[in-house]
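S.K.: Given next are the chains, with one letter for each unit.
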Amino acid sequence: MRVGKFEVDHMALLLVFVPVSIVLEWVHADPVWIFAASALAIVPLAGQMGKATEYLAEHLGSGLGGLLNASFGNAAELIIGFFALRAGLIDVVKASITGSIIGNILLVLGASVVVGGLKHETQYFNRTAAGLGVTLAALSAIALVVPAIFHLVVQGHPEPHERELSLEIALVLFVTYILSLVFTLRTHRHLYVGESSEETDEALGVGAWSMRKSLLILLVATALVAWMSELLVGAVEHAAHDLGMTNVFIGVILVAIVGNAAEHSTAVMMAAKNHMDLAMNIAIGSSIQIALFVAPLLVFAGHVMGQPMDLVFSTFEVVAVAIAVAAVVLIAMDGESNWMEGVNLLAVYVILAIAFYFLP
Amino acid sequence: MRVGKFEVDHMALLLVFVPVSIVLEWVHADPVWIFAASALAIVPLAGQMGKATEYLAEHLGSGLGGLLNASFGNAAELIIGFFALRAGLIDVVKASITGSIIGNILLVLGASVVVGGLKHETQYFNRTAAGLGVTLAALSAIALVVPAIFHLVVQGHPEPHERELSLEIALVLFVTYILSLVFTLRTHRHLYVGESSEETDEALGVGAWSMRKSLLILLVATALVAWMSELLVGAVEHAAHDLGMTNVFIGVILVAIVGNAAEHSTAVMMAAKNHMDLAMNIAIGSSIQIALFVAPLLVFAGHVMGQPMDLVFSTFEVVAVAIAVAAVVLIAMDGESNWMEGVNLLAVYVILAIAFYFLP
Amino acid sequence: MRVGKFEVDHMALLLVFVPVSIVLEWVHADPVWIFAASALAIVPLAGQMGKATEYLAEHLGSGLGGLLNASFGNAAELIIGFFALRAGLIDVVKASITGSIIGNILLVLGASVVVGGLKHETQYFNRTAAGLGVTLAALSAIALVVPAIFHLVVQGHPEPHERELSLEIALVLFVTYILSLVFTLRTHRHLYVGESSEETDEALGVGAWSMRKSLLILLVATALVAWMSELLVGAVEHAAHDLGMTNVFIGVILVAIVGNAAEHSTAVMMAAKNHMDLAMNIAIGSSIQIALFVAPLLVFAGHVMGQPMDLVFSTFEVVAVAIAVAAVVLIAMDGESNWMEGVNLLAVYVILAIAFYFLP
Numbered sequence: 001m002r003v004g005k006f007e008v009d010h011m012a013l014l015l016v017f018v019p020v021s022i023v024l025e026w027v028h029a030d031p032v033w034i035f036a037a038s039a040l041a042i043v044p045l046a047g048q049m050g051k052a053t054e055y056l057a058e059h060l061g062s063g064l065g066g067l068l069n070a071s072f073g074n075a076a077e078l079i080i081g082f083f084a085l086r087a088g089l090i091d092v093v094k095a096s097i098t099g100s101i102i103g104n105i106l107l108v109l110g111a112s113v114v115v116g117g118l119k120h121e122t123q124y125f126n127r128t129a130a131g132l133g134v135t136l137a138a139l140s141a142i143a144l145v146v147p148a149i150f151h152l153v154v155q156g157h158p159e160p161h162e163r164e165l166s167l168e169i170a171l172v173l174f175v176t177y178i179l180s181l182v183f184t185l186r187t188h189r190h191l192y193v194g195e196s197s198e199e200t201d202e203a204l205g206v207g208a209w210s211m212r213k214s215l216l217i218l219l220v221a222t223a224l225v226a227w228m229s230e231l232l233v234g235a236v237e238h239a240a241h242d243l244g245m246t247n248v249f250i251g252v253i254l255v256a257i258v259g260n261a262a263e264h265s266t267a268v269m270m271a272a273k274n275h276m277d278l279a280m281n282i283a284i285g286s287s288i289q290i291a292l293f294v295a296p297l298l299v300f301a302g303h304v305m306g307q308p309m310d311l312v313f314s315t316f317e318v319v320a321v322a323i324a325v326a327a328v329v330l331i332a333m334d335g336e337s338n339w340m341e342g343v344n345l346l347a348v349y350v351i352l353a354i355a356f357y358f359l360p
Numbered sequence: 001m002r003v004g005k006f007e008v009d010h011m012a013l014l015l016v017f018v019p020v021s022i023v024l025e026w027v028h029a030d031p032v033w034i035f036a037a038s039a040l041a042i043v044p045l046a047g048q049m050g051k052a053t054e055y056l057a058e059h060l061g062s063g064l065g066g067l068l069n070a071s072f073g074n075a076a077e078l079i080i081g082f083f084a085l086r087a088g089l090i091d092v093v094k095a096s097i098t099g100s101i102i103g104n105i106l107l108v109l110g111a112s113v114v115v116g117g118l119k120h121e122t123q124y125f126n127r128t129a130a131g132l133g134v135t136l137a138a139l140s141a142i143a144l145v146v147p148a149i150f151h152l153v154v155q156g157h158p159e160p161h162e163r164e165l166s167l168e169i170a171l172v173l174f175v176t177y178i179l180s181l182v183f184t185l186r187t188h189r190h191l192y193v194g195e196s197s198e199e200t201d202e203a204l205g206v207g208a209w210s211m212r213k214s215l216l217i218l219l220v221a222t223a224l225v226a227w228m229s230e231l232l233v234g235a236v237e238h239a240a241h242d243l244g245m246t247n248v249f250i251g252v253i254l255v256a257i258v259g260n261a262a263e264h265s266t267a268v269m270m271a272a273k274n275h276m277d278l279a280m281n282i283a284i285g286s287s288i289q290i291a292l293f294v295a296p297l298l299v300f301a302g303h304v305m306g307q308p309m310d311l312v313f314s315t316f317e318v319v320a321v322a323i324a325v326a327a328v329v330l331i332a333m334d335g336e337s338n339w340m341e342g343v344n345l346l347a348v349y350v351i352l353a354i355a356f357y358f359l360p
Numbered sequence: 001m002r003v004g005k006f007e008v009d010h011m012a013l014l015l016v017f018v019p020v021s022i023v024l025e026w027v028h029a030d031p032v033w034i035f036a037a038s039a040l041a042i043v044p045l046a047g048q049m050g051k052a053t054e055y056l057a058e059h060l061g062s063g064l065g066g067l068l069n070a071s072f073g074n075a076a077e078l079i080i081g082f083f084a085l086r087a088g089l090i091d092v093v094k095a096s097i098t099g100s101i102i103g104n105i106l107l108v109l110g111a112s113v114v115v116g117g118l119k120h121e122t123q124y125f126n127r128t129a130a131g132l133g134v135t136l137a138a139l140s141a142i143a144l145v146v147p148a149i150f151h152l153v154v155q156g157h158p159e160p161h162e163r164e165l166s167l168e169i170a171l172v173l174f175v176t177y178i179l180s181l182v183f184t185l186r187t188h189r190h191l192y193v194g195e196s197s198e199e200t201d202e203a204l205g206v207g208a209w210s211m212r213k214s215l216l217i218l219l220v221a222t223a224l225v226a227w228m229s230e231l232l233v234g235a236v237e238h239a240a241h242d243l244g245m246t247n248v249f250i251g252v253i254l255v256a257i258v259g260n261a262a263e264h265s266t267a268v269m270m271a272a273k274n275h276m277d278l279a280m281n282i283a284i285g286s287s288i289q290i291a292l293f294v295a296p297l298l299v300f301a302g303h304v305m306g307q308p309m310d311l312v313f314s315t316f317e318v319v320a321v322a323i324a325v326a327a328v329v330l331i332a333m334d335g336e337s338n339w340m341e342g343v344n345l346l347a348v349y350v351i352l353a354i355a356f357y358f359l360p
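Chains as they are written, first to last, in UniProt numbering: chain A, 1 to 360; chain B, 1 to 360; chain C, 1 to 360.
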């Protein structure tokens, strides 16, 4: 209860950046400040969205609740992506997808494993569930690798059909995601039951919420995230330029951290309480949701909006995702973790972040 | 007995395409029809060859029988490859090797895991045997990656020695294959014993065969496969052109499915009966046989025939094999399978097939 | 005792090449002879260094001893690398790093698994310890892949920042190495205790040594390795040219075998005695030490000496390390080994060696 309460208060402090962003935008302040303020504002909003979704999901029963969680669990990333797509910032959209995938399985999981491992010599988790997780994560990596290699091979060809290829691959990913929901929510749901809902509620600090309150919070937070995302996207190019960073670095590292900060704190908290299954589930599950649900939706949206959004990620993004997936496979396949495995994940994240920073 | 019988009848229907192909060839019909008819004719012939080999192998004892199985188990692919090689269709030869490898470990195994998984919540198989299988499959991938990367690195160099490189690598693969036979048939054969031969016979529908009948079927089917392969290869270029497909797509997807249809139906049947060890063995074993036995033999044959057959596969073929092997490693290493893992394998296959289709 | 004694005598024979090298250098003999003699001289010297380090490490207690082992375990490679760096032979330095990594995990481990597997049907080792080993080895592969891909991506860019990237990645590797020592020597050291020190002493043939003798041997052998390395490096270019080999082949295959011959014989001996944990530890541990300790130190040294040493390895070297790590992951993750797995590792080594040989 205490941890939860503290967490809410902690979040509440950052909510001050919602009005701050609006004021800064209104007075046409330096885009760097608007970028920073709206980014900080999204952190607690995404956190509240996540908690409200979690609360509603649990009280709607496993079927409908699971679906809600599966479609709304990364709504913040989807909204940011949508506004970036509308603004034509295709490279930022792709970079934030890449960044969310590698951020969740390297930074979030790495930090969870280190924090959990400092308190518990060896932590255990369900190998079958973790196995499906990393296999789906690998599928995402493959879905990114194929169009990138295709792009390299067909370079210079007059009619490369890359958009059709991306659209069809996005469809395959989307169908696989739907089937994975059937697996986790229906045929093999017993693999994913671990925690009682009271414990999770308490850990999340939503023990005293009601359905009504949750729904209200979800709606308000979603609306505000949309507003903040519009400010963030509007400021990103100027901010990147002024900070001497590339759009890709901003997307891969900063936007991804902002969008996943809530998952981050929850996963670390769960790992510290030795609920490693939940921590893995949050980190890997979030990556998978981004790759198999958010990314295809953005490809479909790009197709409808006439924005040239495909799945042809840059060479370095593809390599980064492949490396991240390989690292998490090594860590997750044996059903055990210790702090050194977390250090390895973080080391890989830092190496990739350095490379993205220096990338011209 | 019923399943077996039905299977034989089912096959028997397709045998009508043997005379059909011959007539079509004789009247100089449209190559697309000759291609289709001879492809359909090979399916039941390859199936009969497989069954006869299996029957003979079982009744010759594990030593000689294992050797027969190991050398004749993919004779159909070898014969098709040989005729394509003689006709100078090196890209079709390579594409059918690639396609057989990815088809067996993604399509055949994927379908088996899905069908088996729909009937049984979790299926189990011997991890050590599966481990050796995927390790040998990984070796095949490496043997394909090395010459391709070598090719990229030495591009433009006057004297690239690629033929020598391929010949020596083919030799290493061949020796490894021989040693793997020593492992499976001699030093560790207990790992591969699962099924009684009566059960397998019944499942294959060869319960009532005799040695004499099997040998006769094997000889006749082999001769007919050779004839049909010659027709198939003679029609492939025209057919590809008329269908608006590339030689590579035809080889990777169509020829490979035709050559492996028999393995496909047997593996799926075994998985449905919860003999997951046998299903894995057929799918992965067939891939390995193609890579470590059929491919080297075709390289040696090309060397003797003066056809420039090497192991320098195209970038996309190498990537496809590497992806397929990575996917099967993830699925096979834990000794368990469920239907969602099969869906993943099929999703990877579909993604690769789409990419091969759009490849110019 | 007998094995140990025999081993010492065996080594002693090669020590004759120490004076031989000096004489050959003095009379300005053909560089091929100087190269061969100094290479042969390094083998027993590196062996003596290794044994003395091991003896001192054991008798200094696990803390200080572990540190000594961790920093001096691959001193021969470090010394050879340092002289090659001073002579500006950056490609030889990098090639010997690559060669030590792939040599240890393919050749040394492969030979150990084969020899051990011929005597014991299945050998077992601690999966957690092996898991950390291969994860760290994978981290090394990643640290090599990232700068190489970066290099490909930024090619032609005026200010590529590759040196900074390498320096920062080297720092991350170094810090990870220090943390891995904390893991193995402190928080999880119980995973690495297997053998009594008497048994190891006997196996190494140092049962009758004293602290004083060990320290003396260590100092003398180190000084002589430094001398021999200088001769080796001075002769390498002429030798490579006269032998019709590239600098890279010499570095990857010959220099690496010379520098790791001692680990090789010890690991094989341990595997034959069914101490598979120790054999894995030596082979994989040595690779990790090269990648996370020797390579960063050489990058730092290059930075100080003004030699352009970075972590941008050639495409083929990166592919070779990635392949080697993938192969060892497949072999080591299940905690079991058999002779066929060793054959696979050796087959991969031979394929890579052939490719390096033909590389222009």
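Misleading hints may appear alongside valid ones.
Reference listing, derived: stretches of chain A covered by chain C, where coverage requires no fewer than 3 residues with Cβ under 8 Å from a Cβ of chain C [to be verified]:
| id | segment |
| --- | --- |
| 1 | 19-31 |
| 2 | 316-324 |
So the derived label-pair ranges between C-beta atoms look like this [said to hold, decoys possible]:
| id | chain 1 | residue 1 | chain 2 | residue 2 | range |
| --- | --- | --- | --- | --- | --- |
| 3 | A | His157 | C | Met245 | 33 to 41 Å |
| 4 | B | Ala226 | A | Gln155 | 58 to 66 Å |
| 5 | C | His157 | A | Val27 | 32 to 40 Å |
| 6 | A | Met211 | B | Thr128 | 49 to 57 Å |
Rather than coming from a laboratory, the hints here were simulated on the basis of the structure. We treat Cβ as the ideally placed atom computed from N, Cα and C, and that holds for glycine.
S.K.: All hints are to be evaluated individually against the structure, with a verdict given for each.
M.R.: Evaluated hints:
Remark: the segment 19-31 of chain A is not confirmed as covered by chain C, as 0 of its residues place a Cβ nearer than 8 Å to a Cβ of that chain, below the required three. Check result for the segment 316-324 of chain A against chain C: holds, 3 residues qualifying (beta carbon to beta carbon below 8 Å, three or more required). Checked against the given bound of 33 to 41 Å, the beta carbons of His157 (chain A) and Met245 (chain C), roughly 40 Å apart, stay inside it. For the hinted restraint 58 to 66 Å between Ala226 (chain B) and Gln155 (chain A), the CB-CB distance of approximately 41 Å leaves it violated.
A hinted range of 32 to 40 Å for the beta carbons of His157 (chain C) and Val27 (chain A) is consistent with their spacing of about 39 Å. One distance hint, 49 to 57 Å for the beta-carbon pair Met211 (chain A) and Thr128 (chain B), holds here, with the actual separation near 52 Å.
Hints 1 and 4, counting from the list given before, are not met by this structure.
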